[in-house]
Amino acid sequence: MQAYRERGLSKKQILQDFGCVVGVSDVSLQVRRGEIFCIMGLSGSGKSTLIRLLNRLITPTAGEVLVKGKDIARLDTATLREVRAKHIGMVFQSVALLPHRTVLENAAFGLEVQGVGKAERHAVAERALAKVGLGDWAARYPDELSGGMQQRVGLARAIASDPEVILMDEPFSALDPLIRRQLQDEFRQLTKSLGKSAVFITHDLEEAIRIGDRIAIMKDGVIIQEGTAEEIVLSPADDYVAEFVAGISRLHLVKAHSIMTSPADYRAAHPAVDLAALTSASPQSDLDTLINLMVRCGQDALGIVQEGVVVGIVTQRDLLRGVQGSPVSEGLEPSVTQLEKSL
Amino acid sequence: MNPDDFADAFDARVDGALEWLSDHGAAVFDLFDEMLKGLYQAVYWLFSLAPFPVMALLIGLLAWYLTRQLRFAIGAALALGLCALMGLWSETMSTLALVLTATIQALVVGIPLGVAAGLSETLKRIFEPVLDLIQTLPPYIYLLPAIALLGYGTATALVATFIVAVPPVLRLTALGISMTPKVFLELGHASGTSAWQQFFKIRLPFALPSIMTGVNQSLMMAFGMVVIAGIVGSGGLGEVIYGAIRTLDIARSINAAIAIVILTLILDRLAQSTTRTTRRVGHDTH
Numbered sequence: 001m002q003a004y005r006e007r008g009l010s011k012k013q014i015l016q017d018f019g020c021v022v023g024v025s026d027v028s029l030q031v032r033r034g035e036i037f038c039i040m041g042l043s044g045s046g047k048s049t050l051i052r053l054l055n056r057l058i059t060p061t062a063g064e065v066l067v068k069g070k071d072i073a074r075l076d077t078a079t080l081r082e083v084r085a086k087h088i089g090m091v092f093q094s095v096a097l098l099p100h101r102t103v104l105e106n107a108a109f110g111l112e113v114q115g116v117g118k119a120e121r122h123a124v125a126e127r128a129l130a131k132v133g134l135g136d137w138a139a140r141y142p143d144e145l146s147g148g149m150q151q152r153v154g155l156a157r158a159i160a161s162d163p164e165v166i167l168m169d170e171p172f173s174a175l176d177p178l179i180r181r182q183l184q185d186e187f188r189q190l191t192k193s194l195g196k197s198a199v200f201i202t203h204d205l206e207e208a209i210r211i212g213d214r215i216a217i218m219k220d221g222v223i224i225q226e227g228t229a230e231e232i233v234l235s236p237a238d239d240y241v242a243e244f245v246a247g248i249s250r251l252h253l254v255k256a257h258s259i260m261t262s263p264a265d266y267r268a269a270h271p272a273v274d275l276a277a278l279t280s281a282s283p284q285s286d287l288d289t290l291i292n293l294m295v296r297c298g299q300d301a302l303g304i305v306q307e308g309v310v311v312g313i314v315t316q317r318d319l320l321r322g323v324q325g326s327p328v329s330e331g332l333e334p335s336v337t338q339l340e341k342s343l
Numbered sequence: 344m345n346p347d348d349f350a351d352a353f354d355a356r357v358d359g360a361l362e363w364l365s366d367h368g369a370a371v372f373d374l375f376d377e378m379l380k381g382l383y384q385a386v387y388w389l390f391s392l393a394p395f396p397v398m399a400l401l402i403g404l405l406a407w408y409l410t411r412q413l414r415f416a417i418g419a420a421l422a423l424g425l426c427a428l429m430g431l432w433s434e435t436m437s438t439l440a441l442v443l444t445a446t447i448q449a450l451v452v453g454i455p456l457g458v459a460a461g462l463s464e465t466l467k468r469i470f471e472p473v474l475d476l477i478q479t480l481p482p483y484i485y486l487l488p489a490i491a492l493l494g495y496g497t498a499t500a501l502v503a504t505f506i507v508a509v510p511p512v513l514r515l516t517a518l519g520i521s522m523t524p525k526v527f528l529e530l531g532h533a534s535g536t537s538a539w540q541q542f543f544k545i546r547l548p549f550a551l552p553s554i555m556t557g558v559n560q561s562l563m564m565a566f567g568m569v570v571i572a573g574i575v576g577s578g579g580l581g582e583v584i585y586g587a588i589r590t591l592d593i594a595r596s597i598n599a600a601i602a603i604v605i606l607t608l609i610l611d612r613l614a615q616s617t618t619r620t621t622r623r624v625g626h627d628t629h
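The listed protein sequences correspond, in order, to chains A and B. Using this note's numbering, you'd call the opening residue of the first sequence number 1 and step up by one each time. Using this note's numbering, you'd call the opening residue of the second sequence number 344 and step up by one each time.
Simulated from the structure, these hints should not be mistaken for lab results. Misleading hints may appear alongside valid ones.
Unchecked claim - Listed below are the simulated PhoX-like cross-link pairs for lysine-lysine, each with C-alpha atoms no more than 25 angstroms apart in a straight line:
(1) Lys525(B) - Lys467(B)
(2) Lys68(A) - Lys192(A)
(3) Lys467(B) - Lys118(A)
(4) Lys86(A) - Lys467(B)
(5) Lys196(A) - Lys131(A)
(6) Lys86(A) - Lys525(B)
As the list claims (entries may be wrong) - Which chain A residues stay away from chain B? Per the calculated CB distances, all over 12 angstroms, these:
(7) Val27
(8) Arg74
(9) Arg84
(10) His87
(11) Pro99
(12) Ala119
(13) Asp136
(14) Ala158
(15) His252
(16) His257
(17) Asp265
(18) Ser280
(19) Ile291
(20) Asn292
(21) Val311
Said to hold, decoys possible - So the derived label-pair ranges between C-beta atoms look like this:
(22) Asp475(B) - Glu35(A): 31 to 37 angstroms
(23) Thr61(A) - Asp475(B): 37 to 43 angstroms
(24) Lys118(A) - Arg411(B): 25 to 31 angstroms
(25) Arg140(A) - Lys525(B): 21 to 27 angstroms
(26) Arg140(A) - Pro524(B): 17 to 23 angstroms
(27) Glu186(A) - Glu464(B): 58 to 64 angstroms
(28) Ile469(B) - Ser28(A): 31 to 37 angstroms
(29) Glu471(B) - Gly117(A): 40 to 46 angstroms
(30) Pro455(B) - Asp239(A): 57 to 63 angstroms
(31) Lys118(A) - Ala385(B): 34 to 40 angstroms
(32) Glu471(B) - Asp71(A): 37 to 43 angstroms
(33) Gly117(A) - Pro524(B): 27 to 33 angstroms
(34) Ile58(A) - His367(B): 52 to 58 angstroms
(35) Thr61(A) - Lys525(B): 46 to 52 angstroms
Beta carbons are placed, not taken as given, at the ideal position from N, Cα and C, and that holds for glycine.
With the rest of the complex left out, here is chain B (with noise of 0.2 angstroms):
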């Protein structure tokens, strides 16, 4: 066989199962992308509410709540401002949505999913070589599916983002869930507690701060893959660096990626507090 003739015949099946699963699967798609995009732009709606003075002080002052340090709160308002200087404010907020929307689906599946890991041997070795397969390909690949199935958009770049945000966040639950202390575990049983009260008791509080690990991870993880998803045209910064960079507009794709920096040290240091508030609990005590 040739080998042309044989990439032909591949292609020509794959080309025909996708357009398959489109003319099928069309309303079903169609919901999934209506449901994907209603839900962003809630979010996004809900970021565009308030003028960015006012929301750039507000994050400030969030970022002040949850670390109590005001250098830290001012200088998040103060670059969140430059973004908004450099032109590219809706573009930040944009990005901010998609990445909590993201998030927040990844948690949504991911956290449930771990705590099952953490507790059943069994789920913990079917999900393992899963998680292993998602984390090893490159990031870039889940575009693909996701843009046949989907089309170009938020609804692509918010699944893609989806997958890569889902296994820190499992795997670090299921470790968290799973590492209770012996002792613990017995102290609970000695006490009389039943199962829910075992659960959220002993094992979630010494289990937290490993699934607040994995929260940031994840938080993390779908903030890279949302910039790269600015090649299926989701929307936000990602978009403008892919745009500038095929038009050759150095200074403006430098403008995003600025804009991009600032904004991931923000919502790190943000999760990252959120993580030391629970620093008490550990498993090293005693």
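So here's chain A without its partners, still in its complex pose (with noise of 0.2 angstroms):
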């Protein structure tokens, strides 16, 4: 670890100079409270290294996890095992429902170890395979369901326990696309109306845009750029994250305030237009609603108005290279250039 830190070996030479193998090094992050979390990279990228740092599935050889202010990393055997009983609910990949119990049973698995009483920790099962809509499937058997509700008992099984954090080990992944998209928006509403904090790994940035609050992109065990959606979008870090984000559909994430020209520039070039009489939109509407009202109107420029001011204008040209996702310089928001490299 020190070689690693002091020398800045890479991973490759970690493995031949002294035969281990880096998982995770040098990562902070902080994750807020009610927040979704997306962790996204490719397999080997040590994502779920760093997951099961999170509540002990594997002990940090170096390093602080902290939760509500507790270093998990050096917890006792009795308080990291209530730690991981209350406080942090993990959903795995592959679902990991027991096989010999019923629905109701595993969904009350947490409780159940916890030593609640039966007739409890099944009304409180109950309630939680509700929210997930599998409320009248209690009795079934786990491979009496589908694969997508499997996912949502392991769901289920991990708010029962009411915990503050829920880890999400490409809980996904293993599903067909429409019924992924399904339970992605399904999961940001339950988590958000829960209020839970979430961590999300997943190898799928679109899945990781959907569902997060804040994205951090992982490669070699190493945090390669952390910020929203959008700030990924717009301005990846390096040329291995632009290459996610090449494929992804920018109509959702980028606003006006970062494709629009200035008024003044756009008055040089058009002094015939009178500037009040476009088309106005806010400089937080994104580019479908920016292309919905262009096509409306008729006109080839929208003014974007924040607080009665036209502060920019959005053409065509912009429109388009905005869906192109071209590097647009000018009127990036501040954050953007602000972001945190801090690796």
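Since each chain comes alone in its own frame, lean on the hints to assemble the complex.
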């Protein structure tokens, strides 16, 4: 570890020189209360190791994992068990429903481990199942359920213990695209309505964008970029990220304020146009909305109005550039340039 | 050195050693002998409490309860009746008592050791060669040390049967316990299980089919050995066959063989049915 830091060796060199594999190194991140934080990376990037460090399924060799101010990495066994049981829920890619138990008993597993009485834990588990829309399936066995339904049970099991943090280890990766989208939306809604914080692992950037409030992109055990979906799509930190971002639809990500040109420039080019007469939109409107507006009003420019003042103009050219995802240097939100690269 | 002299010297040594052992350990071996005999007699007493029609009916009912197959249950009861008609009822019950006594002993030792071996790689490496050796040697061999130390009779048969019956259940228990899918172990840890909960709620349910298969195999091994042990005066059907062959009473030995087949089939089906009731559990669900 020291050698890694001080000499800046690569993962490959460490493996050669020391015979150990670097899982995750030098990752600092903060998940805020009530936030869904996505960690996106390809297989081998260390994302699964990272999420297992959070509830110490893997014990870190160095560093701190703070949950509510307590360092998970240094807890004694009893306290660790309690934190795992009550404060951190986990959902697995392979679902891991116990095949010899009914759906209800599976959902109640966490509470059972905590020693909650049968009647009470079954009542709580039933409510959790109802929240994920499986209220009628309690008495079935896992092998009678479809993949999507099984993963709902996994989610119900995680929320039944009412943890503050939910760890999602690629939960939807094995599902077919339609069910996946549906579960993504439901998961986001459910997490927000229950006010849980979540760390969500995925290898799919689109999924990360759909679900996450903020996204971190990992490669070779290191986080190479962290930010909101818009920040990552509009200003990828390096070529690796740029490659991922290339295929992402910008229609709902890119907002007017990041593609508009200044009113002065526009006026200089088109002196005849009255800015106030342009159809107006807010700086927070996304490309999709802007395109609809422009098509409907028949003009070739939109005025972006904030608090009654025209702060920018979006022309057809700007829109097309925005959809294409070409770098638009002017008019970027300041926070994007201040992106933390605190790695 | 003359080969004959060598053999004589070797034999003398072995005799001497065994004599020394039985002289000095007589009390221990006698006690052991008595305990085993006592255990067997208790089980046998239980089986001979009721007259044969009642016992046959009870086993038929048990068969129905476990397998839910009426045909098998009626067949089992009638077949046991046939044993009685052949005049082999007490021998059949005696064999049943021997098999169950030896198997239960093997399970009491084999399952806990198997669990330990399933949890500890080191223990597994220690057990492995011993089990290999036991299973490689012909079971007949185990009659020798037992008869030397415990003498002719039931106790010897039980010891030899016990030795043969331990390995299958130990191995399969260890296998079942160590094969828990990793993600379920993670689930247990992530849910905050204690070591006991991890074992009873996660590992054991997944291991059950494997353990039950081990129990079944041990039972069948024990059956084979109990019949062979007729040669050392185990009592029961094995001894009937051995005696009948020595006097060339082929008809009686065939009767005993039929009784053995009947008993084997019934026990095997019953043991398998308990395996099947746990079928929901498996390693292949996901």
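How the hints compare with the structure:
For the hint pairing Lys525(B) with Lys467(B), the CA-to-CA distance comes to about 19 angstroms; that is within 25 angstroms, so the pair holds. With a C-alpha separation of about 19 angstroms, the suggested pair Lys68(A) and Lys192(A) falls inside the 25 angstroms cut-off, and the hint holds. Restraint check for Lys467(B) and Lys118(A): the C-alpha separation of about 37 angstroms exceeds 25 angstroms, so the hint is violated. Proximity of Lys86(A) to Lys467(B) is assessed by CA-CA distance (about 36 angstroms); at most 25 angstroms being required, the pair is judged violated.
With a C-alpha separation of about 14 angstroms, the suggested pair Lys196(A) and Lys131(A) falls inside the 25 angstroms cut-off, and the hint holds. In summary, the hint linking Lys86(A) to Lys525(B) is supported, as the alpha carbons are separated by about 22 angstroms, within the 25 angstroms threshold. Against chain B, the non-interface label of Val27(A) holds: every CB pair exceeds 12 angstroms, the least being about 20 angstroms. Chain B leaves Arg74(A) outside its interface by the beta-carbon criterion, the shortest separation being 17 angstroms against a cut-off of 12 angstroms.
The non-interface label for Arg84(A) is inconsistent with chain B: the shortest C-beta to C-beta separation is roughly 4 angstroms, within 12 angstroms. The beta carbon of His87(A) sits about 9 angstroms from the closest Cβ of chain B, which is not more than 12 angstroms, so the claim that it is off the interface is violated. Consistency note on Pro99(A): stated as away from chain B, yet its beta-carbon is not over 12 angstroms from all of that chain's, at 4 angstroms minimum. At roughly 19 angstroms, the least C-beta separation between Ala119(A) and chain B is larger than 12 angstroms, which holds for a residue marked as non-interface.
Against chain B, the non-interface label of Asp136(A) holds: every CB pair exceeds 12 angstroms, the least being about 21 angstroms. Against chain B, the non-interface label of Ala158(A) is violated: not every CB pair exceeds 12 angstroms, the least being about 9 angstroms. Non-interface call for His252(A) relative to chain B: holds, since the shortest CB-CB distance, roughly 34 angstroms, exceeds 12 angstroms. Against chain B, the non-interface label of His257(A) holds: every CB pair exceeds 12 angstroms, the least being about 42 angstroms.
No Cβ of chain B comes within 12 angstroms of the Cβ of Asp265(A); the nearest lies about 56 angstroms off, and the non-interface call holds. Annotated as non-interface, Ser280(A) keeps its C-beta farther than 12 angstroms from every C-beta of chain B; the closest such distance is 51 angstroms. Annotated as non-interface, Ile291(A) keeps its C-beta farther than 12 angstroms from every C-beta of chain B; the closest such distance is 44 angstroms. Interface exclusion of Asn292(A) from chain B stands, the closest Cβ pair being 44 angstroms apart, more than 12 angstroms.
For Val311(A), the non-interface assignment is confirmed: its Cβ lies about 49 angstroms from the closest Cβ of chain B, beyond the 12 angstroms cut-off. Between Asp475(B) and Glu35(A) the C-beta distance comes to about 57 angstroms, which lies outside the given range of 31 to 37 angstroms. For the pair Thr61(A) and Asp475(B), the beta carbons lie near 39 angstroms from each other, so the given range of 37 to 43 angstroms is met. A hinted range of 25 to 31 angstroms for the beta carbons of Lys118(A) and Arg411(B) is consistent with their spacing of about 28 angstroms.
With their beta carbons about 25 angstroms apart, Arg140(A) and Lys525(B) fall inside the hinted range of 21 to 27 angstroms. For Arg140(A) and Pro524(B), the Cβ-Cβ distance of about 21 angstroms falls inside the hinted range of 17 to 23 angstroms, so the restraint holds. About 43 angstroms separates the C-beta atoms of Glu186(A) and Glu464(B), a value inconsistent with the hinted range of 58 to 64 angstroms. Distance hint check for Ile469(B) and Ser28(A): the Cβ-Cβ separation is about 46 angstroms, which falls outside the suggested range of 31 to 37 angstroms.
Separated by about 44 angstroms at the C-beta atoms, Glu471(B) and Gly117(A) satisfy the suggested range of 40 to 46 angstroms. Pro455(B) and Asp239(A) have their C-beta atoms about 59 angstroms apart, which keeps the hinted 57 to 63 angstroms range intact. The beta-carbon spacing between Lys118(A) and Ala385(B), approximately 39 angstroms, falls within the hinted interval of 34 to 40 angstroms. Hint check: Glu471(B) to Asp71(A), Cβ distance near 41 angstroms, so the stated range 37 to 43 angstroms holds.
The beta-carbon spacing between Gly117(A) and Pro524(B), approximately 29 angstroms, falls within the hinted interval of 27 to 33 angstroms. Roughly 56 angstroms separates the CB atoms of Ile58(A) and His367(B), a value that falls within the hinted 52 to 58 angstroms. Between Thr61(A) and Lys525(B) the C-beta distance comes to about 21 angstroms, which lies outside the given range of 46 to 52 angstroms.
Violated hints for the displayed structure, listed by number in ascending order: 3, 4, 9, 10, 11, 14, 22, 27, 28, 35.
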